[in-house]
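Chemist: So the chains spell out like this:
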Amino acid sequence: MRFVALPATTTARAALVTVAAVVVALLICSVIFLVYGVSPLAVYSSMLSGTLGARTGLAEVGRRTIPLLLIGSGLALAFRAQFFNIGAEGQLLLGAVFAAGTALFVPLPGPLVAPAMFVMGALGGGMWAGIAAWLRRLNVNEILSTLMLNYVALAVVTYLIAGPWKGKDVRGYIYTDNIPAGGYLSVVPGTQVHWPTLLLGIAVALGLQWLLTRSTFGYALRVVGENPGAARYAGLNAAGVATAVALITGGAAGLAGAGEVAGIHHRLLEAGQISLGYGFTAVIVAWLARGNPALCLVTAPLMGIILAGGDLLKIDLNMPFRVVDVFSGVILLTLIASEVFVRHRVVWGRA
Amino acid sequence: MSLASPPVLQLQGITKRFPGVVANDGVDLSLHAGEVLALLGENGAGKSTLISILYGLYQPDEGRVELAGKAVRIGSPAQARALGIGLVPQHPLLVARHTVAENLALGGGSALFPSRGVAGRIRELSGQYGLEVDPSARVADLSPGEKQRVEIIRALLGGAKVLILDEPTSVLTPQEAQGLFRVMRELRADGRSLIFISHKLDEVLDIADRVTVLRRGKVVGGVPTAGATRESLAELMVGRSVDFTRKRGVGPGSPGVLLAVRDLTATGSRGLPALRGVSFDLARGEVLGVAGIAGNGQSELVEVLAGLHAATGTVMLDGQPLTGGAQARFRTGVAHIPEDRIHSGTVPSMTVAENVALRAYDQPPLARGLARDLGQVDDLARREVEAYGVATPGIHTPSRLLSGGNIQKLILARELAGSPKLILAVHPTYGLDIGATDQVHRVLLERTQAGAGVLLVSEDLDELLSLSDRIAVMVGGSLLGPFPAGEVTRESLGLLMGGAHPHSVPGAEQGVVGGAR
Amino acid sequence: MDNIVVEALVRALAVGTPLLLASLGAIMNERSGVVNLGMEGVMAVGALAAFAVAASAPDANLWLAVLMSMLAGAALCALHALATITLRANQFVSGLALALLGTGAAGLLGKRFEGAPLFNKVPDWTLGGANISPFTVVALLLAVVLAFFLSATRPGLTLRSVGENPAAADVLGVNVGLVRWLAVMGGGALGGLAGAFLSLSYRSAWSDNMAGGLGWIAVALVIFVAWEPLRAVAGALFFGFLYYLQFRLQGHSPIPTEVFSAMPFVLVLVVLALAGRRGQAGSAPAGLGRAYVRGER
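Chains Z, B and S, in that order, give the protein sequences.
Numbering of the first sequence is given in numbering that gives the first Met the number 0, commencing with residue 0 and proceeding in unit increments.
Numbering of the second sequence is given in numbering that gives the first Met the number 0, commencing with residue 0 and proceeding in unit increments.
Numbering of the third sequence is given in numbering that gives the first Met the number 0, commencing with residue 0 and proceeding in unit increments.
Heads up, some of the hints might be wrong.
As the list claims (entries may be wrong) - Using C-beta positions, here's what the derived DEER-type ranges look like: (1) S:Ala56 <-> Z:Ala180: 38 to 46 angstroms; (2) S:Ala129 <-> B:Gln78: 19 to 27 angstroms; (3) Z:Trp209 <-> S:Pro154: 48 to 56 angstroms; (4) S:Gln249 <-> Z:Thr8: 52 to 60 angstroms; (5) S:Gly294 <-> Z:Gly228: 30 to 38 angstroms; (6) S:Leu81 <-> B:Arg330: 43 to 51 angstroms; (7) Z:Leu51 <-> S:Pro154: 23 to 31 angstroms.
As the list claims (entries may be wrong) - Computed from the model, here is a short list of chain S residues facing chain B with C-beta under 8 angstroms: (8) Leu156; (9) Asn164; (10) Ala166; (11) Ala168; (12) Val170; (13) Leu171; (14) Gly172; (15) Gly176; (16) Leu177; (17) Asn208; (18) Glu227.
To be verified - Capping the alpha-carbon separation at 20 angstroms, the derived lysine to any residue pairs in SDA-like fashion look like this: (19) Z:Lys313 <-> S:Ser206; (20) Z:Lys313 <-> S:Leu61; (21) S:Lys110 <-> Z:Val30; (22) S:Lys110 <-> Z:Ala115; (23) S:Lys110 <-> Z:Ala14; (24) Z:Lys313 <-> Z:Ser44; (25) S:Lys110 <-> Z:Leu51; (26) S:Lys110 <-> Z:Pro106; (27) S:Lys110 <-> Z:Ser48; (28) B:Lys217 <-> B:Gln438; (29) B:Lys160 <-> B:Glu123.
It is worth saying that the hints were derived from the structure and are not from the lab.
For clarity, every value in this text was computed on a predicted model and none was experimentally measured.
Even glycine gets a Cβ: it sits at the ideal position worked out from N, Cα and C.
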């Protein structure tokens with residue numbers, strides 16, 4: 000089997016290959032479900048009917064779409080610059096920490112609480128990714144550093160909620176007191192869809208798309224990502240671009256963390272409850288969107304279905320939530336393995 | 000030389016086509032036992048394609064290869080070695096971190112401690128042919144000459160009867176080259192046959208028994224070296240029929256120094272000296288040609304001037320010190336047509352319009368503040384595509400899909416848009432067809448009328464002679480000359496590039512060429 | 000005093016064992032030129048495969064359990080090989096996918112084993128008064144074997160050459176893709192063995208997220224020990240000792256426990272930064288991380 004480079008790649012071919020990759024992924028997952036002992040049909044029908052077929056299900060998808068959209072559009076930008084941020088999980092947590100800390104301990108007039116939480120959340124997430132950007136200048140691979148920082152962020156959250164920030168009114172549990180009511184975000188009635196964050200997510204996705212395609216920074220970013228040789232030739236500051244991208248992608252994840260605190264939990268609680276693996280799932284959101292932040296408006300809800308579906312499977316079929324990692328891992332694997340088919344055609348036989 | 004016996008190697012009618020090019024066109028060649036055959040030709044004459052066919056890297060489209068009278072198919076380098084054909088590549092293909100013995104044990108050697116047994120064989124061959132090399136040395140620590148000896152030993156370990164040496168002296172000092180020639184004579188005396196590829200006429204006359212000359216993919220002559228002269232070989236290589244017209248009229252010759260370079264010294268990417276105190280002046284409206292064999296410091300000279308490579312020494316442009324990075328220098332009027340138009344000159348995945356914007360993407364009118372004005376970018380791209388006749392399906396086509404000539408026009412359009420004072424052009428017509436070449440030449444000459452200075456680096460001597468007002472030669476990081484273009488010839492330049500010493504420099508006609516006659 | 004030293008060493012060896020095995024697996028992968036970040040998932044799958052066999056019957060064959068862990072690790076890594084070697088996908092991202100898939104699949108398929116009894120754990124050996132798992136002894140031996148294999152055998156030389164300069168090996172008739180496939184699957188088998196240690200010897204139980212980040216540390220360790228199997232022994236002991244400290248000091252010091260649980264990961268960052276600053280990346284196999292396509296440089 001050989002690959003022969005195609006003269007031109009078309010959007011249609013890319014879309015076709017992407018759809019095929021997802022189909023193959025679902026088939027591979029089916030095999031795993033059969034080994035587990037449930038019918039794949041039961042799994043997929045439970046996921047679809049429970050999410051798209053019901054108002055409450057849709058709301059659950061919506062709730063999960065919000066962080067995926069924010070993080071995914073940031074990651075789409077980062078991947079275009081060849082900055083592989085795999086630590087959005089940790090950046091989200093730091094965003095949650097900064098947001099909760101601001102709301103709990105900084106006396107602010109009511110209407111300012113929520114905006115301050117978002118600003119500080121972005122700062123926290125950006126700072127966390129900034130560490131990875133700084134380490135990259137010391138030749139530390141950002142995939143490893145951002146991953147390690149995930150574990151550190153987890154420890155930070157656990158320390159805070161079990162230690163100095165532990166709520167006065169909670170006994171036996173570990174979480175903080177509730178934030179002032181001024182920090183609560185409005186939700187679509189009867190759901191946990193905190194629409195101000197959703198709007199923010201849409202704005203971020205569109206804003207980053209603008210940044211990528213219409214701004215001078217986005218142009219430099221694409222040159223650095225697509226041809227470092229040309230970036231050097233034209234005298235572009237590649238290290239500066241990487242740092243800025245880290246701050247943006249981390250900041251977007253931090254916004255997601257702030258949104259989860261202000262919109263849903265209203266306090267800082269265990270890491271596993273703040274994030275349901277949004278950081279990793281968002282990698283697939285960004286990859287599916289092929290590096291276009293605006294396309295995350297489509298791909299984030301798709302992965303939202305899988306996250307919400309994972310919850311349903313827990314209830315309907317008594318499956319562990321790990322099923323989401325299976326989906327994520329398999330889809331990511333088939334997506335990157337399919338890339339070669341976008342740019343090449345396959346020829347059977349020897350050269 | 001038993002020319003009567005059947006040849007060890009015979010090629011008949013070898014033809015190899017690549018899209019748009021016939022690299023080898025009916026090539027016939029024969030090689031006898033105990034013979035050194037020189038393969039002579041300019042860049043692009045088809046030498047490397049022919050070697051690749053012999054070594055199993057390419058399959059010929061037509062023709063047959065015979066070894067000792069038997070037709071063979073050489074499907075891979077491994078097969079070539081099994082058939083007794085060894086290649087000493089121009090750039091050694093070795094594992095830098097491994098020792099010499101480990102490198103030579105790869106693909107052979109015993110199951111346990113593979114390098115130990117090989118070390119003994121290496122010492123044996125070293126002694127036999129005078130190939131000094133320490134089997135336990137790390138390849139990364141070796142000089143180019145030592146690496147080459149490792150490759151020769153590899154070929155001999157594989158039992159090579161036919162040894163191909165691809166421009167082996169291009170990386171050697173004259174002393175090392177003499178050492179190589181001693182080894183080659185030993186090998187010949189041992190009955191092996193060697194194919195020696197070179198541009199350097201002196202060396203060909205020194206070491207080879209016969210010369211086969213390639214030009215534009217065809218064999219244009221084969222002569223014994225006995226009785227041949229540098230001049231006769233040069234004539235064969237260049238060809239009488241080359242339309243050698245000087246495109247440059249009388250230079251505008253406006254007085255005044257545009258670029259003054261003094262004592263430029265720089266180290267190359269591997270930490271070795273790349274520029275050794277280079278000094279020269281370039282006048283307004285002048286085309287200064289720089290000749291030289293690749294790797295003698297030309298690339299570094301251009302990169303230093305473009306702000307891409309650190310150096311000590313001074314550079315003054317228009318009386319002002321030229322400093323800063325690539326972006327700053329471009330904005331003070333230094334345009335750069337780079338050597339590698341795919342990997343640095345353009346972003347192949349980006350559109351024609353985006354590539355036109357690479358230099359001024361953040362400047363008005365292409366941008367206002369942070370926002371790019373895509374309408375202006377498109378307008379500019381349309382104008383430039385029109386003005387330079389870039390053949391493209393549209394300005395939103397990825398530049399990857401353009402031909403080399405059109406990519407080069409695109410780069411010219413972008414680099415010359417701001418009316419630069421100094422144009423650094425590196426191999427600007429390499430691989431281009433005649434039409435595109437003409438256009439590039441015309442555009443560069445036009446710019447000199449407006450007072451721009453051009454530093455033209457090229458390996459194509461015809462191009463240099465046709466365009467330049469003065470020509471300098473770079474050898475080993477030093478700059479010889481510049482000499483007025485009227486006082487040098489292809490032959491004298493070739494001799495200088497090959498490391499001949501310019502006896503009395505400015506009168507090159509009397510000095511160098513006179514010495515040669 | 001002696002007791003504490005012995006205890007420290009034994010505990011460090013115990014936690015160091017899966018680190019060492021997984022590092023050796025990653026070294027085998029990476030010396031052939033393929034980065035494998037997925038060891039976390041490989042370990043999880045190996046742990047589950049071993050446990051599933053060992054818990055299947057009171058007299059289950061433990062050799063078979065160990066063998067299955069290695070096969071499972073190799074099988075998961077075959078996906079990595081397919082994606083990165085044959086289909087030229089990004090090795091780093093594929094490793095991440097492998098980690099997600101491995102931990103996810105192990106968590107999903109292992110659910111029925113949660114709380115299941117292990118009839119038949121691998122018994123420790125008593126050496127000089129200390130209890131040591133046979134896995135530890137095997138891991139140390141494997142480090143020596145791998146070091147010997149790489150430096151002193153012809154297949155080892157071929158593997159290293161493919162990792163350093165695949166084009167040079169290719170020209171000499173070496174099948175670069177095949178060598179890399181074998182190295183990736185062999186490394187996967189070692190990663191699976193690391194998992195078997197966790198579920199058969201160290202914890203003797205199945206639980207989700209059994210590797211708990213050890214796989215990631217093992218991957219980082221490879222850089223720290225400059226891709227040398229024997230140095231990996233020292234590196235694994237060092238991180239094993241850190242875990243021992245965490246265990247000892249928890250609750251006995253004013254320092255919050257979370258500092259200890261974060262410590263290995265912070266230390267990995269420090270170690271990577273130090274390695275990066277002194278140019279350790281320079282000791283990476285020169286062909287690491289790039290798919291080999293003939294004729295492309």
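Chemist: Next step is simple, just say for each hint if it's right about the structure.
Modeler: How the hints compare with the structure:
Here the CB-CB span from Ala56 (chain S) to Ala180 (chain Z) is close to 59 angstroms, at odds with the stated 38 to 46 angstroms. In this structure, Ala129 (chain S) and Gln78 (chain B) break the distance hint of 19 to 27 angstroms, their C-beta atoms being roughly 58 angstroms apart. Trp209 (chain Z) and Pro154 (chain S) have their C-beta atoms about 54 angstroms apart, which keeps the hinted 48 to 56 angstroms range intact. Checked against the hint of 52 to 60 angstroms, the C-beta distance between Gln249 (chain S) and Thr8 (chain Z) comes to roughly 55 angstroms, which is consistent with it.
Roughly 19 angstroms separates the CB atoms of Gly294 (chain S) and Gly228 (chain Z), a value that falls outside the hinted 30 to 38 angstroms. In this structure, Leu81 (chain S) and Arg330 (chain B) meet the distance hint of 43 to 51 angstroms, their C-beta atoms being roughly 49 angstroms apart. Between Leu51 (chain Z) and Pro154 (chain S) the beta carbons are some 54 angstroms apart, a value that contradicts the proposed interval 23 to 31 angstroms. A least Cβ separation of about 6 angstroms between Leu156 (chain S) and chain B falls short of the 8 angstroms threshold, and the interface hint therefore holds.
Checking Asn164 (chain S) against chain B: minimum C-beta separation of about 5 angstroms stays under 8 angstroms; hint holds. Because the beta carbon of Ala166 (chain S) sits about 6 angstroms from the nearest beta carbon in chain B, less than 8 angstroms, this interface hint is met. For Ala168 (chain S), the shortest C-beta to C-beta distance to chain B is roughly 6 angstroms, which falls under 8 angstroms, so the interface hint holds. Nearest Cβ of chain B to the Cβ of Val170 (chain S): about 5 angstroms, under the 8 angstroms cut. The hint holds.
Taken as an interface hint, Leu171 (chain S) checks out: its beta carbon lies about 4 angstroms from the nearest beta carbon of chain B, inside 8 angstroms. A cut of 8 angstroms between beta carbons decides the hint on Gly172 (chain S): the least distance to chain B is about 3 angstroms, and the hint holds. A cut of 8 angstroms between beta carbons decides the hint on Gly176 (chain S): the least distance to chain B is about 15 angstroms, and the hint is violated. Given hint, Leu177 (chain S) at the interface with chain B, is violated; its Cβ is 14 angstroms from that chain's nearest Cβ, farther than 8 angstroms.
The beta carbon of Asn208 (chain S) is not positioned within 8 angstroms of any beta carbon in chain B (closest approach about 38 angstroms), and the interface hint is therefore violated. Residue-level restraint check for Glu227 (chain S) is violated (minimum Cβ-Cβ distance to chain B is 12 angstroms; threshold 8 angstroms). For the given pair, Lys313 (chain Z) sits about 17 angstroms from Ser206 (chain S) by alpha-carbon distance, which is consistent with the 20 angstroms threshold. Straight-line distance between C-alpha atoms of Lys313 (chain Z) and Leu61 (chain S) comes to about 33 angstroms, which puts the hinted pair past the 20 angstroms bound.
Only pairs whose Cα atoms come within 20 angstroms are accepted, and Lys110 (chain S) paired with Val30 (chain Z) is accepted, the gap being roughly 17 angstroms. Straight-line distance between C-alpha atoms of Lys110 (chain S) and Ala115 (chain Z) comes to about 42 angstroms, which puts the hinted pair past the 20 angstroms bound. Proposed proximity of Lys110 (chain S) and Ala14 (chain Z) is contradicted: the alpha carbons are some 36 angstroms apart, above 20 angstroms. With a CA separation close to 14 angstroms, the supplied pair Lys313 (chain Z) and Ser44 (chain Z) stays within the 20 angstroms bound.
Proximity of Lys110 (chain S) to Leu51 (chain Z) is assessed by CA-CA distance (about 28 angstroms); at most 20 angstroms being required, the pair is judged violated. A threshold of 20 angstroms between alpha carbons decides the hint, and for Lys110 (chain S) with Pro106 (chain Z) the separation of about 47 angstroms lies outside it, so the pair is violated. At roughly 25 angstroms between alpha-carbon atoms, Lys110 (chain S) and Ser48 (chain Z) are farther apart than 20 angstroms, so this suggested pair is violated. Of the supplied pair hints, the one linking Lys217 (chain B) and Gln438 (chain B) is violated, its CA atoms being roughly 27 angstroms apart against a limit of 20 angstroms.
For the proposed pair Lys160 (chain B) and Glu123 (chain B), the alpha carbon gap of about 18 angstroms is at most 20 angstroms, so the pair holds.
Hint compliance for this structure: hints 1, 2, 5, 7, 15, 16, 17, 18, 20, 22, 23, 25, 26, 27, 28 are not met, and every other hint is.
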